[in-house]
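Chains A, B, C and D are the protein sequences, given in the same order. My numbering runs 27 ahead of the 1-based position in the first sequence. My numbering runs 27 ahead of the 1-based position in the second sequence. My numbering runs 27 ahead of the 1-based position in the third sequence. My numbering runs 27 ahead of the 1-based position in the fourth sequence.
To be clear, the hints were calculated from the coordinates, so they are not data collected in a lab. One or more of the hints may lead you astray.
One copy or two, either will do: identical chains are not told apart, so a pair holds if it fits within one copy or between any two.
Unchecked claim - SDA-like, lysine to any residue: derived pairs with alpha carbons at most 25 Å apart:
| hint | residue 1 | residue 2 |
| --- | --- | --- |
| 1 | Lys79 | Glu176 |
| 2 | Lys288 | Asn66 |
| 3 | Lys72 | Lys219 |
| 4 | Lys288 | Glu132 |
| 5 | Lys53 | Ser268 |
| 6 | Lys36 | Gln103 |
| 7 | Lys115 | Lys219 |
| 8 | Lys35 | Tyr104 |
| 9 | Lys219 | Asp269 |
| 10 | Lys159 | Gln103 |
| 11 | Lys155 | Arg46 |
| 12 | Lys72 | Gly291 |
| 13 | Lys155 | Met133 |
| 14 | Lys35 | Tyr97 |
| 15 | Lys79 | Arg207 |
| 16 | Lys42 | Glu238 |
| 17 | Lys72 | Ile41 |
| 18 | Lys159 | Glu290 |
| 19 | Lys42 | Glu277 |
Number of protein chains: 4
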Amino acid sequence: MRNLLVDKKSGADIKVKVRNLIFGGKEKIIISGPCSVENYDLMLKIAVQLKKIGVHMLRAGAFKPRTSPYDFQGLQYEGLKILKAVSKETDMPVVTEIMDPRDVEMSMDFTDMIQVGSRNMYNYSLLKELGKIKAPVLLKRGMSATLSEWLKAAEYIVSGGNENVVLCERGIRTFESYTRNTLDLNSVAAIKQSCRLPVIADPSHGTGLRELVPSMSLASIAAGADGLIIESHLCPENSLSDSRQTLSIEALNSLISSVKKLEGLL
Amino acid sequence: MRNLLVDKKSGADIKVKVRNLIFGGKEKIIISGPCSVENYDLMLKIAVQLKKIGVHMLRAGAFKPRTSPYDFQGLQYEGLKILKAVSKETDMPVVTEIMDPRDVEMSMDFTDMIQVGSRNMYNYSLLKELGKIKAPVLLKRGMSATLSEWLKAAEYIVSGGNENVVLCERGIRTFESYTRNTLDLNSVAAIKQSCRLPVIADPSHGTGLRELVPSMSLASIAAGADGLIIESHLCPENSLSDSRQTLSIEALNSLISSVKKLEGLL
Amino acid sequence: MRNLLVDKKSGADIKVKVRNLIFGGKEKIIISGPCSVENYDLMLKIAVQLKKIGVHMLRAGAFKPRTSPYDFQGLQYEGLKILKAVSKETDMPVVTEIMDPRDVEMSMDFTDMIQVGSRNMYNYSLLKELGKIKAPVLLKRGMSATLSEWLKAAEYIVSGGNENVVLCERGIRTFESYTRNTLDLNSVAAIKQSCRLPVIADPSHGTGLRELVPSMSLASIAAGADGLIIESHLCPENSLSDSRQTLSIEALNSLISSVKKLEGLL
Amino acid sequence: MRNLLVDKKSGADIKVKVRNLIFGGKEKIIISGPCSVENYDLMLKIAVQLKKIGVHMLRAGAFKPRTSPYDFQGLQYEGLKILKAVSKETDMPVVTEIMDPRDVEMSMDFTDMIQVGSRNMYNYSLLKELGKIKAPVLLKRGMSATLSEWLKAAEYIVSGGNENVVLCERGIRTFESYTRNTLDLNSVAAIKQSCRLPVIADPSHGTGLRELVPSMSLASIAAGADGLIIESHLCPENSLSDSRQTLSIEALNSLISSVKKLEGLL
C-alpha cells in the first residue's frame with residue numbers, strides 16, 4: 028500500500044499556523060466558546076472572559092448540523108458576522124463549522140479556521156473544496172470512523188494541496204450510554220506515533236458530561252494531544268444547545284491551570 | 028415531542044412512483060446493477076441481461092464516495108451520460124448516487140431517482156437541496172445512524188416539500204468483522220410499523236459476501252422490505268469495486284425467483 | 028489454521044435430537060414460554076395453551092442471570108422441579124438455563140436441554156463441563172461475540188465429546204437503542220453456509236419489542252434458521268421479567284401459522 | 028432506584044489493601060508481569076527485574092480463558108504453585124485470574140488477589156462465590172459491559188460481604204480495528220466521580236499495541252486511575268501469548284519514571 032502524505036514516513040511533522048498560534052508546537056492550544064453563536068453581546072462577553080483566563084482561540088457554531096430539521100439551525104451568515112466582529116474586538120482567532128462546499132470560499136472572510144464536523148468527515152465534496160484553499164482546517168473524526176478512514180479524509184485535503192489540517196478526536200459511538208460518546212484517546216496516541224498532522228481533543232463532545240471534562244482534558248494532554256477544544260458559557264444552564272456538557276468560565280479557568288502544569292511536566 | 032411528517036400518525040402511507048414502478052405497493056421492487064458505471068458497452072450488456080431476468084430498475088455509481096482519494100472516484104458526469112443512454116435504450120429507470128448539493132439539479136436530467144449514500148446521510152446541505160425538488164430519493168441509512176436519526180434525515184427532505192423518499196437499510200457498523208456490515212432487519216420491521224415511507228434493503232453492502240446475499244434477500248422481504256437493491260455484474264470477479272459482494276446474473280436470476288415465491292406468500 | 032470440528036468441512040451436518048424433536052431437520056422447531064418460571068399453576072396453564080397452538084418445546088428460566096444482585100434471581104431448584112413436573116404433565120420437552128458448572132450434572136434430571144445464556148458464552152469452565160455430558164445444549168451467542176468466537180465456544184463443547192449443540196442468535200449489542208439488541212441474521216445465514224450445527228433465532232431478545240417479533244421471526248426462518256425461541260405469557264403485562272418483549276398466546280398462534288406457511292415454501 | 032453499596036452516596040471511599048499496598052491511596056500501584064506463567068525460572072527472573080524497577084505487584088495467568096479450545100490454556104494448578112513460590116522468593120504480592128467458582132477457595136492459598144477477567148464479568152456464580160470470601164478481587168470490565176452493568180457486577184461481590192474490590196478498565200469492543208480494544212478512560216473518570224471503589228487501567232489490553240502503552244498509561248493516571256496493570260516480559264517477542272502488546276523491562280522502567288513524575292504533580 029502506498030504511503031499517505033499524512034504518514035510520518037512521508038516527511039517532517041506539519042505545524043499548522045493560525046495567526047500567531049502554532050498547532051503541533053510546544054504550547055498546548057486551548058480553544059473554547061459556546062456551542063452556538065447566540066448574539067453579539069453575549070458572544071463578546073464570553074470572549075472577553077475567555078481571553079482573560081488564557082484561552083487562545085474562540086469557537087462557536089453559526090451553521091449547526093442538527094439531527095432534526097425542527098431544531099435551532101444556528102444564526103448562519105448572521106452568526107459568521109458576529110464571530111468576525113468579536114474576533115476583531117478581542118483580537119482572538121476563531122474557528123467555526125462549515126457544512127456546505129458552496130460556503131467554503133465565502134467563509135474565509137469570516138473565520139481563521141474552518142471546522143469539518145463529525146457528521147461531515149465523509150463529505151468528500153466538502154473535503155475536496157477545502158483542499159483547494161490554504162485556510163487551516165479542523166477535521167473532526169466521524170462518529171464511527173476508523174482511524175484509517177479519518178486519516179484518509181485528511182489525505183483528501185492534503186493531497187488537494189492544503190496541508191494545514193489539524194485533527195480532532197471527539198469521541199466515537201459505542202454501546203455505552205452513560206457518556207454521550209466514548210473519547211478514544213488510543214487514537215490520539217496512535218496519531219502522535221504515525222501521522223504528521225497535529226491532533227487535539229474535544230472532551231466536551233467526547234463525554235457529554237461537564238463533570239468529566241477536567242479529568243478527560245488532562246488525560247487527552249497526557250495521551251499526547253496538541254490542544255483542547257472545550258465548550259464553555261457564562262451560564263451553562265442557559266446555553267441554547269449542549270448545555271449538559273458546557274463548562275462555566277470558572278471551571279474552565281481551573282482546568283486551564285491544571286493543563287499548564289501538566290504541559291510543563293511533559 | 029412533535030410527530031414527524033414521516034410518522035404513521037401523520038397521514039397515510041406514502042407510495043413513491045418512479046416512472047411506472049411503485050415503491051410501497053404490492054410488488055417488491057428489484058434494483059440491480061454494478062457498483063460503478065464502467066463503460067457504455069458493458070453497462071448496456073448488463074442492463075439487457077437484468078431486464079430479461081425481471082429486474083425493475085438499474086443502479087450503478089457515477090460519483091463514488093471512496094475512502095481514499097487515490098481510489099477510483101467513478102466516471103462522474105461521463106458516467107451519468109452512459110446511465111441515461113442505457114436507460115433510454117433499455118427503457119429501464121435508473122438510480123444513482125449524488126454527493127454534492129451543487130449536482131442535484133443537473134442530475135435530474137440523467138437519473139430517475141437520486142441516491143443519498145450512507146456517508147452522506149448526515150449531509151444536511153444535500154438533504155435540504157433534495158427537499159426542494161420533486162425527484163424520488165433513495166435515502167440510505169448512515170453506517171452508524173440510529174433509526175431515529177435516519178428518520179429525521181428523511182424528515183429534512185419531506186419537510187422541505189419532497190415526500191418521494193424511499194429508505195434503504197444497508198447494514199450498520201458493529202464489532203463483527205466476518206461480514207462487512209451488520210444488516211439490521213429490526214430497522215425494516217420497525218419502519219413498517221411506525222413510518223409512512225417505503226423501505227428497501229441492500230443485502231450486498233449489508234453482508235459484503237455474495238454467498239449470504241440470497242438468504243438475506245429473503246430475510247429482508249420476510250421482515251417487510253418493499254424491495255431490494257443488489258449488486259450484480261456479468262463477471263463479478265472483474266468488477267472495478269466491491270467484487271466480493273457482487274452476484275452473477277445467474278445467481279441473481281435464481282434469487283429473484285425465490286423472492287417472487289415469497290412475495291406470493293406474504 | 029486448522030478446521031474446527033464444527034466446520035462443514037469436518038463432516039456431515041449434525042442433527043440434534045431432543046426426545047422426538049430434531050433440530051436441523053425439515054421441521055422448524057418452535058420453543059416458547061415465559062421468561063421465568065413463576066409457579067406451577069401458571070406454568071402448567073401456559074404449557075397447555077402452548078401445546079395446543081403447536082409449540083414443540085417449553086422454555087422458562089429457573090436460574091436467572093440478572094444485571095443487579097437485587098433483581099429477582101429466579102426460583103432456582105424450585106423452578107427446575109416445577110419445569111420437570113409441567114414437562115411430565117404435558118409431555119413436552121423443556122430447555123432451561125444453567126449458569127454454574129456445579130449445576131450441570133444435577134440439571135440433567137430436570138431438563139431435556141441445557142441453555143448457555145448470552146452472558147456465559149465465554150464461560151469456558153461451564154462449556155468444558157457441558158462437553159463431558161451427552162445432553163443437548165442450546166448455546167446462545169454472547170452479546171458482543173464475533174461469529175468466530177461463538178463457533179469456537181461451540182467447539183469447546185464439541186471437542187470435549189458432546190456434539191449435541193444447537194446455536195442460538197439472540198441479537199448483538201450495538202449503538203442502536205431503539206431495539207434492545209440488534210438481531211444479526213447475517214450470522215444465521217453464515218452458519219448455514221459454513222457450520223455443521225443447527226441454529227435457531229431468538230427474536231424476543233433480538234428486538235426487545237413484541238410488535239417486531241412476528242416480522243423478525245419470519246425473517247429468521249427466511250435467513251435459514253432451524254427454529255425459533257420466543258417469549259410468551261398468558262398475560263404479558265404481568266410477566267415478572269422482560270414483559271415488553273413477551274407475546275400473548277394469541278399473537279404467538281398467529282405467528283406460528285405464518286411460520287408454517289413459510290416453512291412449506293422454503 | 029436504590030443506591031448501590033458501591034455508590035459514593037453509600038459511604039466513604041473504599042481502600043483495598045493487598046499486603047502492605049493500598050489501592051485507592053496516594054500512591055499509584057503498578058502491577059506487571061507476563062501474560063502467562065511459563066515456568067519457574069523465567070517467572071523468577073522477570074519478577075526480580077520488575078521489583079528492581081519499582082513494580083509493586085506481580086501478575087501472570089495460570090488459568091487462561093482462550094477463545095479456542097486448541098490454544099494454550101495456561102499451566103493451571105502448576106502455574107499457581109510457581110506464582111506462589113516466586114511471590115515468596117521476591118516478597119511481592121501476586122494477582123492471577125480464576126474462572127471457575129470451584130477454584131475460588133483453593134486459590135486463596137496461592138494468590139494475594141483474585142482477578143475476574145473480562146469474559147467472566149457477567150459470571151454471577153463466580154461473583155457470588157467471591158462475595159463470600161475476604162480476599163481482594165480485581166474485577167475487569169466486560170468487553171462490552173456498560174458502566175452500569177460493571178458497577179452492578181461489583182455490587183454482587185460487595186453485597187455478598189466482600190468489599191475488597193478494585194475495578195479495572197481494560198478497553199471495550201468497538202468498530203475500531205486498529206487497536207485491539209478501545210480503552211475507555213471516560214469510565215475511569217466517571218468511577219472516580221461516583222463510585223467508592225478504586226479503579227486501575229490496563230493499557231496493554233486496552234490498546235493491544237506496545238508502542239501505545241506508555242502514552243495511554245499516562246493518560247489513565249491523568250484521568251484518575253489508582254494504578255496500572257501492564258504486560259511485560261524479558262523478551263516480549265518470545266512471550267507465549269499477547270506478545271504484540273507486551274513491554275520490555277526497559278520500556279516499562281522508563282514508563283514508571285514518567286508515571287512517578289505525573290503522580291507528584293496530581
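Status of each hint after checking the structure:
1. Lys79 <-> Glu176: neither (38 Å within a copy, 39 Å between copies)
2. Lys288 <-> Asn66: So Lys288 and Asn66 fail the 25 Å test inside a copy (34 Å) and across (45 Å) alike.
3. Lys72 <-> Lys219: Cα proximity of Lys72 and Lys219: none, with 36 Å in one copy and 34 Å across.
4. Lys288 <-> Glu132: Neither: 39 Å inside a copy, 47 Å across copies.
5. Lys53 <-> Ser268: Cα proximity of Lys53 and Ser268: none, with 33 Å in one copy and 39 Å across.
6. Lys36 <-> Gln103: neither (40 Å within a copy, 32 Å between copies)
7. Lys115 <-> Lys219: So Lys115 and Lys219 fail the 25 Å test inside a copy (33 Å) and across (41 Å) alike.
8. Lys35 <-> Tyr104: Classified as neither: same-chain Cα gap 38 Å, cross-chain 36 Å, threshold 25 Å.
9. Lys219 <-> Asp269: Answer is between; shortest inter-copy Cα gap is 23 Å, intra-copy 29 Å.
10. Lys159 <-> Gln103: both (23 Å within a copy, 19 Å between copies)
11. Lys155 <-> Arg46: Classified as within: same-chain Cα gap 24 Å, cross-chain 34 Å, threshold 25 Å.
12. Lys72 <-> Gly291: Classified as neither: same-chain Cα gap 30 Å, cross-chain 37 Å, threshold 25 Å.
13. Lys155 <-> Met133: Classified as both; 16 Å inside a copy, 20 Å across copies.
14. Lys35 <-> Tyr97: between (44 Å within a copy, 18 Å between copies)
15. Lys79 <-> Arg207: neither (30 Å within a copy, 42 Å between copies)
16. Lys42 <-> Glu238: between (32 Å within a copy, 23 Å between copies)
17. Lys72 <-> Ile41: Neither way: Lys72 and Ile41 sit 34 Å apart in one copy and 44 Å across, limit 25 Å.
18. Lys159 <-> Glu290: For Lys159 and Glu290, the Cα distance exceeds 25 Å both inside one copy (35 Å) and across copies (46 Å).
19. Lys42 <-> Glu277: Intra 31 Å, inter 31 Å, cutoff 25 Å: neither.
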